[in-house]
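Trainee: Sequence:
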Amino acid sequence: MSLLLDQAVRLPDAAVLPHGEHRRQAALAALLLALAVVVLLYHATFWSMVELWARSQTFAHGFLIVPISCWLAWRQRAHLTALAPQPSRQGLLLLGALGLAWLLADAANVPVVEQTAATAMLPACVLAILGWPAVRLLAFPLAYLFLAVPFGEVFLEPLIDFTAAFTVTALQWTGVPVYRDGNNFSLPTGNWSVVEACSGLRYLIAALALGALYAHVHFHSTRRRLAVMAAALLVPILANGVRAYLIVMLGHLSNMRLAVGVDHLIYGWLFFGVVVVLLFWLAARWRELPPPRAVPSVYPDAGMAGMRAAIRASVACLLLASLWPALALASHRHDGAAMPATVLALPDPATWQRLHDAAPAWQAPYAGTPARFAATYARQGDEGAPVGLQLHWYARQARDAELLTHQALPYGARWMPLAQRVQHVSLASGALDVRESVLGHGGERLLVWRVYRQGGIVTARPALVKLLLAQAKLLGMRQDGADIIVFAAYDELAPPPRARLQAFLRAAMPVIERRLQELPHGH
88 MSLLLDQAVR LPDAAVLPHG EHRRQAALAA LLLALAVVVL LYHATFWSMV
138 ELWARSQTFA HGFLIVPISC WLAWRQRAHL TALAPQPSRQ GLLLLGALGL
188 AWLLADAANV PVVEQTAATA MLPACVLAIL GWPAVRLLAF PLAYLFLAVP
238 FGEVFLEPLI DFTAAFTVTA LQWTGVPVYR DGNNFSLPTG NWSVVEACSG
288 LRYLIAALAL GALYAHVHFH STRRRLAVMA AALLVPILAN GVRAYLIVML
338 GHLSNMRLAV GVDHLIYGWL FFGVVVVLLF WLAARWRELP PPRAVPSVYP
388 DAGMAGMRAA IRASVACLLL ASLWPALALA SHRHDGAAMP ATVLALPDPA
438 TWQRLHDAAP AWQAPYAGTP ARFAATYARQ GDEGAPVGLQ LHWYARQARD
488 AELLTHQALP YGARWMPLAQ RVQHVSLASG ALDVRESVLG HGGERLLVWR
538 VYRQGGIVTA RPALVKLLLA QAKLLGMRQD GADIIVFAAY DELAPPPRAR
588 LQAFLRAAMP VIERRLQELP HGH
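Throughout the sequence shown, residue numbering follows our numbering, covering 88 to 610 in sequence.
Just so you know, these hints were derived from the structure itself, not from any lab. Each residue gets a CB set at the ideal place from its N, CA and C atoms; glycine is no exception. Where hints are given, some of them may not hold.
What the hints assert, rightly or not - Derived Cβ-Cβ restraints for the label pairs, each shown as a range: (1) 417 with 579: 50 to 58 Å; (2) 283 with 434: 37 to 45 Å; (3) 433 with 497: 51 to 59 Å; (4) 495 with 374: 22 to 30 Å; (5) 417 with 268: 45 to 53 Å; (6) 493 with 342: 35 to 43 Å.
Turn these sequences into a full structure, and let the hints steer you where they fit.
Mentor: The following block contains the structure:
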């Protein structure tokens, strides 16, 4: 009797197992289809990431991130198959929010936000179709994908400043006389500059990618994983300062015969390799492997209801993901439309006279073919330094032909930025914030004030300019924008001519505003 009861209990499980496994496989197939369609729908965004990987050594590690993430997910296949799908509406809400963020970034042409939102859609699909258990199981592979997004340029200036300060301080401690001017410093044997390639950003990103993978594979406790990742962040920053100091000392001691050419980069990568090997060798002393996770011998049945819910969630993901590219296509419908050429002409501001024969001290780079105005002014009866005015006006703005477009040399080939800040200026119409830059070339200095006028709103904040542009494109509003720049040259030993630029803006801004209001507004 007991044997018959035992068989009666076991038979249903044995009968259910094949159907349950089949339904789980159907849910996984629905997820893979959704992921493939998301990649296809946003292929232009993902392809822009690949192009940047191929173009920049700083982000070349992206070619390894995707296969590594796939390998890490593949390692969890047995446990993933054991999970019954638990579709989550939170995943659909997240997917919708990410789609909206992608749409705004696409309209405003902010590639890093586009790429981040598109990449985040993949974990959102996992959450929507399989639920939180699958997201927790695949947490690291899904999070590791974000390292494929080319990010980090926002840290360039702080890293350059830290490297320059560290190098100069170390030189002073070792008794080498040095004079620092921004990111440039001079030694008795020669001059040095800390540029983008010397910032250590590529070392930092590469070390973070390696450190995160090493911590995940070789450590189990969250505390030790975070400690390894923190070391992978901090050590490269300090090591890059030491690297820069050693290269400068090598050039100084060799009378500028060593470490001033290609060997400069070779020494840098060799030093970085040694630092990373030492870092992971030390971390290996505290290595701990996670305990083996047993795969259930009898899988829980997903049930027809669970499989159908997963398929419905995948269909909802496909419909929701396809909405935003369609809206983006509509928002760009006028991008190729040509506006009639406009020659900008401005009357002279009160008490200022245009110098028709004066050559401009600087030409600001710009994208596309905006209507332009450039002139040099001097105050009547004043022998002070002339003030330059440049105005770039866009009736409509398209990708790579708009008010804020990335420039390889944002200040030209001759001038190097020494300092940047936001300056508060008092005008007749009220307070105005401007973006102040101090540019240098030898002993020459150039004080540059810049302000943007987007859709009738004057601001010094690029993020607000992008948001206003996205709003204009999506809602069919006016999207005209202007880049207003005033500048004056001065000697490095003289004080910056802020009072002179302020006096010029007081007189010129009303004239500029009236002229821009007369121009046709693109929609």
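Trainee: Evaluate each hint against the coordinates.
Mentor: Do the hints match the structure? See the list:
no. : hint                     : in the structure
1   : 417 with 579: 50 to 58 Å : 52 Å, holds
2   : 283 with 434: 37 to 45 Å : 41 Å, holds
3   : 433 with 497: 51 to 59 Å : 25 Å, violated
4   : 495 with 374: 22 to 30 Å : 43 Å, violated
5   : 417 with 268: 45 to 53 Å : 50 Å, holds
6   : 493 with 342: 35 to 43 Å : 39 Å, holds
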